[in-house]
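Read top to bottom, the protein sequences are chains H and G.
Mapping of the first sequence onto the working numbering: position 92 corresponds to residue 92, and the numbering continues sequentially without gaps.
Mapping of the second sequence onto the working numbering: position 30 corresponds to residue 30, and the numbering continues sequentially without gaps.
Do not rely on the hints blindly, as some may be mistaken.
Footprint (simulated), chain G over chain H, 3 or more residues, beta carbon under 8 Å [unchecked claim]: (1) 111-122; (2) 199-208; (3) 265-271.
Short, incomplete list of chain H residues facing chain G, as computed with Cβ under 10 Å [unchecked claim]: (4) V4; (5) M95; (6) F143; (7) E144; (8) T145; (9) L152; (10) E251; (11) E255; (12) T257; (13) G369.
In short, the hints are calculated from the structure, not lab data.
Small disclaimer: the values here were computed from a predicted structure and weren't measured.
Don't be surprised by glycine CBs; every beta carbon is placed ideally from N, CA and C.
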Amino acid sequence: MKYVDEFRDGALAAKIAARLADAADPARHYSFMEFCGGHTHAIARYGVADLLPENVRMVHGPGCPVCVLPIGRVDLAIRLALERGVMLCTYGDVMRVPASGNLSLLRAKARGADVRMVYSAADALALSRAHPGREVVFLAIGFETTTPPTALVIRQAASERLRNFSVLCNHVLTPAAITHILDSPEVRDYGSVPIDGFVGPAHVSIVIGYGPYEGFARQYRKPVVIAGFEPLDVMQAILMLVRQVNEGRAEVENEFTRAVTRTGNLAAQQVIAEVFETRPSFEWRGLGEVPNSALKIRPAFAEFDAERRFALAYTAVPDHRQCECGAILRGLRKPTECKLFGTVCTPETPMGSCMVSSEGACAAHYSYGRFRDIAVAAETLR
Amino acid sequence: MCLALPALVVALEAGDDSVVELGGVRKRVSLALTPEARVGDYVVVHVGYAIGMLDADEAERTLALFADLAASQAAAS
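Input sequences plus hints: build the corresponding full structure.
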């Protein structure tokens with residue numbers, strides 16, 4: 001595919017790796033967080049970690065919306081589907097997320113709930129038009145990439161005066177979460193945050209632009225390089241981060257110039273602002289409550305807000321006590337340092353947020369990275 | 001979750017709809033968020049919506065940067 005394959009070229013990756021090896025100062029250690037699950041997945045899948053110098057380490061961040069969706073929010077959707085008889089529509093990624101009572105949306109469907117997997121928010125809207133006698137609820141999740149389509153369907157539902165469509169909104173905000181990683185009181189309990197810079201979001205930045213990270217880079221003295229999701233993009237971004245650290249700079253740089261501008265997509269930002277407002281606080285699975293980190297539907301569109309329409313009350317559900325996701329998401333532990341990793345906690349039976357989706361730090365390491373942990377022992381048999 | 005792919009706009013349809021081509025597959029996506037997109041442009045498609053434009057010149061520049069890297073490495077060795 002054009003604009004994809006060129007950015008996966010192995011020979012070029014080796015060249016960038018050589019340049020990285022030259023740039024990295026052997027006297028110091030570099031620790032960078034890739035915020036996005038898309039980057040985590042690319043690093044694991046394409047073996048980018050193996051192409052990095054020994055003293056450059058990647059820390060996997062919380063940028064996977066499926067992973068950070070708290071159990072209590074999935075419980076709300078399951079109860080709507082099982083107890084209130086709604087047609088519950090959502091993206092495929094969310095269907096398998098384990099919730100309370102050994103349930104998931106997929107298992108609720110097996111029990112007879114009407115749960116529909118949709119590719120697009122527009123599909124949920126089409127279902128509500130096709131079934132005027134049913135309450136149709138779209139369980140909306142995602143970062144700023146997925147938010148504008150949700151805003152568009154809510155606006156569309158309002159203009160069509162649809163009476164049977166509503167949205168259970170779980171949209172979260174990237175810059176707030178990045179700041180929280182460096183800022184939260186929990187970080188003091190765990191110790192200092194060993195992160196020298198950030199590989200910034202790809203597709204989120206198409207929508208919001210790279211401007212929103214500039215205050216963060218200045219205030220926390222951490223470089224940010226916006227990067228595309230292909231392996232060459234990630235490697236180039238890491239090279240740019242190494243150079244910034246070497247030169248003592250903490251700036252926002254843009255590697256993903258083919259899609260990201262400073263101001264982003266203004267049409268998308270406009271429809272988000274029209275339909276949504278900031279929530280004072282929202283729970284992130286693995287991070288806890290994060291202030292001003294999520295969106296809710298504005299009062300002007302209240303009738304399309306499933307939380308108001310069905311008077312839903314949120315109850316937080318804690319993760320397994322031995323789950324280390326909180327420390328892993330902040331770069332303080334590696335997946336293999338968690339007692340549950342690969343034993344009781346696997347992609348089939350995830351215990352914590354990092355194992356839930358293939359983009360989570362633990363799931364990516366389980367699928368692609370865990371074989372690198374095993375020392376190769378060759379024996380000659382006579 | 002934030003998976004998005006570059007696709008070529010091949011036809012504009014009623015409203016904000018369009019047909020895009022992606023690795024030989026044709027698909028209907030909404031251009032409501034990229035009203036400036038025209039036939040022949042590349043857009044970045046996510047959950048059935050084009051969320052941004054892909055700048056072909058910038059893509060070439062980034063690739064040229066990688067290639068320059070390759071050239072300078074070759075010159076050095």
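Now for the hints, and whether the structure bears them out:
no., hint, verdict
1, 111-122, "holds (count 4)"
2, 199-208, "holds (count 6)"
3, 265-271, "holds (count 4)"
4, V4, "7 Å, holds"
5, M95, "13 Å, violated"
6, F143, "6 Å, holds"
7, E144, "9 Å, holds"
8, T145, "5 Å, holds"
9, L152, "6 Å, holds"
10, E251, "18 Å, violated"
11, E255, "7 Å, holds"
12, T257, "4 Å, holds"
13, G369, "20 Å, violated"
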